[in-house]
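Student: The lines below spell out each chain.
Number of protein chains: 2
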Amino acid sequence: MEFDAEKVTDYLHQHIPVTQAMQIKAVPEAKEFLKLTAKLAPNLNHQETAFGGSIASLGILAGWTLIHIRLSADNVRYKIVIQKSEMEFLHPIESDFEAECHFPDQKLWDQFHTGLQRKGRARIKLECAVMVNQQVAAVIKGTFVAKQLEPLK
Amino acid sequence: MEFDAEKVTDYLHQHIPVTQAMQIKAVPEAKEFLKLTAKLAPNLNHQETAFGGSIASLGILAGWTLIHIRLSADNVRYKIVIQKSEMEFLHPIESDFEAECHFPDQKLWDQFHTGLQRKGRARIKLECAVMVNQQVAAVIKGTFVAKQLEPLK
Chain R
2 MEFDAEKVTD YLHQHIPVTQ AMQIKAVPEA KEFLKLTAKL APNLNHQETA
52 FGGSIASLGI LAGWTLIHIR LSADNVRYKI VIQKSEMEFL HPIESDFEAE
102 CHFPDQKLWD QFHTGLQRKG RARIKLECAV MVNQQVAAVI KGTFVAKQLE
152 PLK
Chain X
2 MEFDAEKVTD YLHQHIPVTQ AMQIKAVPEA KEFLKLTAKL APNLNHQETA
52 FGGSIASLGI LAGWTLIHIR LSADNVRYKI VIQKSEMEFL HPIESDFEAE
102 CHFPDQKLWD QFHTGLQRKG RARIKLECAV MVNQQVAAVI KGTFVAKQLE
152 PLK
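Chains as they are written, first to last, in the working numbering: chain R, 2 to 154; chain X, 2 to 154.
Just chain R, with the same shape it has in the complex (with noise of 0.2 Å):
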């Protein structure tokens, strides 16, 4: 998946401003998954590690700019909201982290594609990691929900 991993992170900060004040980047050399990096200093908890809701948010969001950027391609403006999710917290975070969604399955991407063509809304699970030092310290599965902006044809 090709990206203008700039234009992607300037999005992020200009729709969503808490992305900036979480110093949250996209990386642009992944290829089989989304990337996103966080800073830990403006995420830090009362522990100086990383505060669970950063780690969510950097979960959910890389689920979110997954689908965002893959469904750019077609021309067609969506809403993509999260759903619901879970999530594991495994490991402290000691330093700056970063939130790695593979892609989903050819298949069940196809399914979803096609379910929000034809219906104009479709849902998709996704899991993300949230590693620090190449070390998975959260794990966070969510289901988003895609809805077609434009009237169907």
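Hints are computed from structural coordinates only; laboratory data are not their basis.
Check the hints yourself; a few may be wrong.
For chains that are exact copies, the list does not tell them apart, and a pair is met inside one copy or across any two.
What the hints assert, rightly or not - Each computed SDA-like pair below joins lysine to any residue, with the alpha-carbon atoms no more than 25 Å apart:
{"no.": "1", "residue 1": "LYS108", "residue 2": "GLN48"}
{"no.": "2", "residue 1": "LYS80", "residue 2": "GLU49"}
{"no.": "3", "residue 1": "LYS148", "residue 2": "HIS47"}
{"no.": "4", "residue 1": "LYS120", "residue 2": "LEU91"}
{"no.": "5", "residue 1": "LYS40", "residue 2": "LYS80"}
{"no.": "6", "residue 1": "LYS108", "residue 2": "ALA42"}
{"no.": "7", "residue 1": "LYS148", "residue 2": "PRO93"}
{"no.": "8", "residue 1": "LYS148", "residue 2": "GLU89"}
{"no.": "9", "residue 1": "LYS85", "residue 2": "ARG124"}
{"no.": "10", "residue 1": "LYS40", "residue 2": "THR10"}
{"no.": "11", "residue 1": "LYS8", "residue 2": "ASN76"}
{"no.": "12", "residue 1": "LYS40", "residue 2": "ASP11"}
{"no.": "13", "residue 1": "LYS142", "residue 2": "GLN84"}
{"no.": "14", "residue 1": "LYS126", "residue 2": "SER96"}
{"no.": "15", "residue 1": "LYS80", "residue 2": "LEU45"}
{"no.": "16", "residue 1": "LYS40", "residue 2": "GLY121"}
{"no.": "17", "residue 1": "LYS40", "residue 2": "ASP106"}
{"no.": "18", "residue 1": "LYS142", "residue 2": "VAL82"}
{"no.": "19", "residue 1": "LYS40", "residue 2": "ALA22"}
{"no.": "20", "residue 1": "LYS85", "residue 2": "GLU128"}
{"no.": "21", "residue 1": "LYS40", "residue 2": "ALA123"}
The model shown is predicted, which means the values in this text are computed figures rather than measured ones.
Given chain R, put chain X in place with the hints provided.
Tutor: Chain X in isolation, oriented as in the chain R frame:
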């Protein structure tokens, strides 16, 4: 549960800086539950509604703050972290919002508190509702772990 809301807000802003960016505040009048509020503007998403990550953060923080305040009476330093969470996002949030975390059943709390004092570590499940205009917009179930930082006697 009595607490100084201004002091709690100051603590959050100082130790968890993203809570300042999100304009989160503790509310003094709540008696049966812990209530935090957040402004919509700094927590907007691309759809002019609240960002899912901010909703998750506020819910997690309400649970964390409830435990933090309740345990502060002990005069022992604890580390409180979220271990797991399940969230359902029910309605879009189009104005300032708040999270309410009800006090757990006294028996459940006593079990948690006794375990913590005996073993130096205990776990508790809390449920928080994120509300907007008196309507439940999201439900967050969190499992929190508290650990005594001072050596046990």
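Student: Now tell me if each hint is right for this structure.
Tutor: Hint-by-hint comparison with the structure:
no. : hint              : result
1   : LYS108 with GLN48 : neither (43 Å within a copy, 29 Å between copies)
2   : LYS80 with GLU49  : between (36 Å within a copy, 11 Å between copies)
3   : LYS148 with HIS47 : between (39 Å within a copy, 14 Å between copies)
4   : LYS120 with LEU91 : between (38 Å within a copy, 21 Å between copies)
5   : LYS40 with LYS80  : between (28 Å within a copy, 22 Å between copies)
6   : LYS108 with ALA42 : neither (40 Å within a copy, 38 Å between copies)
7   : LYS148 with PRO93 : between (36 Å within a copy, 14 Å between copies)
8   : LYS148 with GLU89 : between (28 Å within a copy, 18 Å between copies)
9   : LYS85 with ARG124 : both (11 Å within a copy, 23 Å between copies)
10  : LYS40 with THR10  : both (14 Å within a copy, 23 Å between copies)
11  : LYS8 with ASN76   : within (17 Å within a copy, 49 Å between copies)
12  : LYS40 with ASP11  : both (16 Å within a copy, 23 Å between copies)
13  : LYS142 with GLN84 : both (11 Å within a copy, 14 Å between copies)
14  : LYS126 with SER96 : neither (28 Å within a copy, 28 Å between copies)
15  : LYS80 with LEU45  : between (31 Å within a copy, 14 Å between copies)
16  : LYS40 with GLY121 : neither (37 Å within a copy, 32 Å between copies)
17  : LYS40 with ASP106 : neither (30 Å within a copy, 38 Å between copies)
18  : LYS142 with VAL82 : both (14 Å within a copy, 19 Å between copies)
19  : LYS40 with ALA22  : both (10 Å within a copy, 15 Å between copies)
20  : LYS85 with GLU128 : both (12 Å within a copy, 15 Å between copies)
21  : LYS40 with ALA123 : neither (33 Å within a copy, 30 Å between copies)
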